[in-house]
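If you're matching them up, the sequences are chains A and B in order.
Residues in the first sequence are numbered consecutively from 30, following my numbering.
Residues in the second sequence are numbered consecutively from 397, following my numbering.
Where hints are given, some of them may not hold.
As the list claims (entries may be wrong) - Listed next, the in silico DSS-like pairs over lysine-lysine satisfying Cα-Cα at most 27 Å (straight line): (1) 134(A) / 561(B); (2) 59(A) / 48(A); (3) 135(A) / 617(B); (4) 561(B) / 135(A); (5) 134(A) / 621(B); (6) 783(B) / 134(A); (7) 146(A) / 561(B); (8) 617(B) / 606(B); (9) 135(A) / 621(B); (10) 59(A) / 134(A); (11) 402(B) / 703(B); (12) 561(B) / 750(B); (13) 561(B) / 86(A); (14) 737(B) / 59(A); (15) 703(B) / 737(B); (16) 737(B) / 621(B); (17) 617(B) / 134(A); (18) 86(A) / 48(A); (19) 783(B) / 416(B); (20) 416(B) / 84(A).
Treat the hints as calculated values from the structure; they're not laboratory data.
Everything numeric in this text was worked out from a predicted model, so none of it was measured.
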Amino acid sequence: MENRPFSDISFEAFLTEGKLMGSRCGHCGKHYVPPRPICPGCHGMQMDWVEMSGKGKLAAFTCIAIGPAAMIAEGYNRHNPYCSAVIELDEGARVDARLEGIDPKKPEEIDVGMPLKVKYGHRGDKRTHLAFEPL
Amino acid sequence: MKKRRKLGRGVAIVGAGMSKFGMFKDKDSKDLFAEAFLEMVASVDKGIDPNEIDALYLGNFSNDFFMHQSHWGPIVSDLIGLTPKPATRTEGACASSALAFREGVFAIASGFYDIVLVGGLEEMSKRTTEEVAEGLALATVPYEGQAGFTFPGVFGAVATAYFAKFGANREHLMNVTIKSHNNAPLNPKAQYPLTVRDIMQSKLKSAEKKGLPIPDWSDEKAFLKDRRANPMVAWPMHLYDCCPISDGASCMLLVAEEMARNFTDDPIHVLGIGQGSGRGLHACDDLTYFEATRFAAQEAYGMSGLKPDDVQFAEVHDCFSIAELLHIEDLGFFKPGTGFKAVADGATRLDGPKPINTSGGLKCKGHPVGATGVSQLYEVWTQLRGKAGRRQVPIKDLRIGGAHNLGGTGGTCTFTILERR
Chain A
30 MENRPFSDIS FEAFLTEGKL MGSRCGHCGK HYVPPRPICP GCHGMQMDWV
80 EMSGKGKLAA FTCIAIGPAA MIAEGYNRHN PYCSAVIELD EGARVDARLE
130 GIDPKKPEEI DVGMPLKVKY GHRGDKRTHL AFEPL
Chain B
397 MKKRRKLGRG VAIVGAGMSK FGMFKDKDSK DLFAEAFLEM VASVDKGIDP
447 NEIDALYLGN FSNDFFMHQS HWGPIVSDLI GLTPKPATRT EGACASSALA
497 FREGVFAIAS GFYDIVLVGG LEEMSKRTTE EVAEGLALAT VPYEGQAGFT
547 FPGVFGAVAT AYFAKFGANR EHLMNVTIKS HNNAPLNPKA QYPLTVRDIM
597 QSKLKSAEKK GLPIPDWSDE KAFLKDRRAN PMVAWPMHLY DCCPISDGAS
647 CMLLVAEEMA RNFTDDPIHV LGIGQGSGRG LHACDDLTYF EATRFAAQEA
697 YGMSGLKPDD VQFAEVHDCF SIAELLHIED LGFFKPGTGF KAVADGATRL
747 DGPKPINTSG GLKCKGHPVG ATGVSQLYEV WTQLRGKAGR RQVPIKDLRI
797 GGAHNLGGTG GTCTFTILER R
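Construct the complete structure from the given sequences, taking the supplied hints into account.
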């Protein structure tokens with residue numbers, strides 16, 4: 030039985046282990062990714078850790094030409110944009126992540142609703158970032 | 397059934413002022429607030445002795461980050477000679493001064509104070525664009541930043557969800573931009589008092605002068621579709637979908653309704669106020685509306701006993717073109733998924749049935765974030781008193797106007813309804 034706290038720190042530690050983990054409310058059954066200690070829907074306070082299947086669909090996205098310092102450091106700029114997205118997981122929870130395996134220079138070709146699967150970005154000793162790619 | 401809220405006693409606006417908005421090398425926050433304050437004092441028809449002011453509520457988002465100076469309440473209190481009376485700063489990202497306004501209203505409604513100054517300020521242009529973007533991103537939610545989202549990025553994602561659900565496209569966003577730019581030259585305080593056609597003309601002239609190839613734009617939309625003229629910032633947000641970086645200040649004098657006639661024969665009354673809080677992108681089941689705006693609107697309509705149709709015109713928080721479409725739906729002016737058609741039909745033009753952002757909006761008037769909320773109320777006050785000059789709403793018997801302010805990525809939203817009696 031997993032007994033880590035339902036926190037962002039735990040969520041990120043799981044990502045490093047290659048696991049997309051969320052919490053499920055013991056009262057109403059709703060899933061949250063990242064996990065929450067309190068269910069905002071029913072105020073249930075009995076949560077369980079659940080590993081997500083890692084499959085979902087694209088709910089919304091953007092291709093960013095002018096990014097923050099951290100993305101510029103990774104080599105992204107107005108000639109080399111990247112894609113950030115909101116993904117609706119099969120379990121119902123939604124999560125913010127990068128979208129890879131598509132061409133950020135051709136946003137017209139990216140379809141809201143397209144099926145996606147999880148991908149973990151590990152880069153040296155940096156933090157693991159959550160990404161999705163077309164199924 | 398939602399509780400219908402009311403004020404303990406009525407509150408009226410008897411004076412208002414705002415600085416010109418823009419990027420000023422030679423003016424700082426204090427200079428800009430002084431400019432707004434002097435206009436406010438001059439606007440009180442029967443005069444105000446500043447010694448009569450009981451307290452100050454001041455909205456400021458992040459001069460801490462932009463200017464490395466915090467604690468602006470007492471700085472402004474000292475500037476205008478209000479010390480040792482209380483000065484309180486409010487922070488709600490881009491809705492900071494709408495919160496100052498609410499606190500001022502509550503302070504008078506409770507009976508504690510009779511005369512209160514509310515306002516806001518922000519000084520952003522002395523930082524680089526990258527630094528400003530980083531400062532503004534402090535008001536996103538943590539998961540958004542980690543996924544690489546910027547502010548324009550969040551609203552870009554909202555736009556893709558809106559497009560997918562309702563069948564709108566980039567041209568519908570261009571309609572918002574063109575409309576705001578048509579109002580801007582009529583506002584002497586606006587940062588960009590130019591129509592899109594004015595901008596096209598000046599670019600053509602500049603190309604001719606430099607001997608560069610002359611662009612062949614057939615109309616405003618052709619210009620806005622030109623990737624060189626209007627580059628992508630965060631799909632589908634392009635440069636002309638985004639409000640600028642601005643410096644500015646705004647303020648208003650609030651008094652208990654029963655004493656309003658001591659200051660003016662034409663007070664403007666606070667009829668409804670609402671505020672809501674909202675979640676980050678990933679926590680919303682539907683990205684085509686802001687729950688905080690809907691909540692704030694319900695509260696304001698409930699308090700005033702009015703319906704959306706009763707609000708004759710409004711200022712809404714168009715930090716990005718797509719945001720204006722969501723707000724005019726969330727405030728009930730148009731049904732969900734129909735706002736883009738209403739804008740295309742001209743319903744929100746200055747001479748339309750529901751004028752929106754007669755000031756030019758954040759897009760053209762400018763968006764010094766902490767000053768914006770009260771500057772929107774300033775526009776509504778000016779319109780209701782029939783003093784908006786060439787941009788005066790041409791509706792007969794103009795009585796009711798609204799102002800909607802949004803902070804962060806929808807985390808704080810307010811809606812205020814003002815009335816001329």
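Between residue 617(B) and residue 134(A), is the straight-line Cα distance small enough, at 27 Å or below?
holds, 21 Å
Going straight from one Cα to the other, do residue 135(A) and residue 617(B) come out at no more than 27 Å?
holds, 20 Å
Do the alpha carbons of residue 617(B) and residue 606(B) lie within 27 Å of each other, as the hint requires?
holds, 24 Å
For the pair we were handed, residue 135(A) and residue 621(B), check the Cα-Cα distance against 27 Å.
holds, 15 Å
Pairwise hint evaluation, residue 84(A) against residue 416(B), where the allowed Cα distance is 27 Å at most:
violated, 51 Å
Given pair status - residue 134(A), residue 783(B), alpha carbons within 27 Å
Given pair residue 783(B), residue 134(A) is violated - Cα atoms ~47 Å apart, limit 27 Å.
So if I understand the rule, the pair passes when the alpha-carbon distance is 27 Å or less; does residue 561(B) with residue 750(B) pass?
With a Cα-Cα distance of about 24 Å, the restraint between residue 561(B) and residue 750(B) holds, given a limit of 27 Å.
Between residue 134(A) and residue 621(B), is the straight-line Cα distance small enough, at 27 Å or below?
holds, 15 Å
Given the proposed pairing of residue 402(B) with residue 703(B), does the C-alpha separation stay at or below 27 Å?
holds, 16 Å
Within a Cα-Cα threshold of 27 Å, do residue 561(B) and residue 135(A) meet the stated pairing?
holds, 20 Å
27 Å limit on alpha-carbon distance, applied to hinted pair residue 59(A) and residue 134(A):
This hinted pair is violated, its Cα atoms lying about 36 Å apart.
CA of residue 783(B) to CA of residue 416(B), is that 27 Å or under?
holds, 17 Å
Consistency note: the structure conflicts with the earlier hints numbered 6, 10, 14 and 20.
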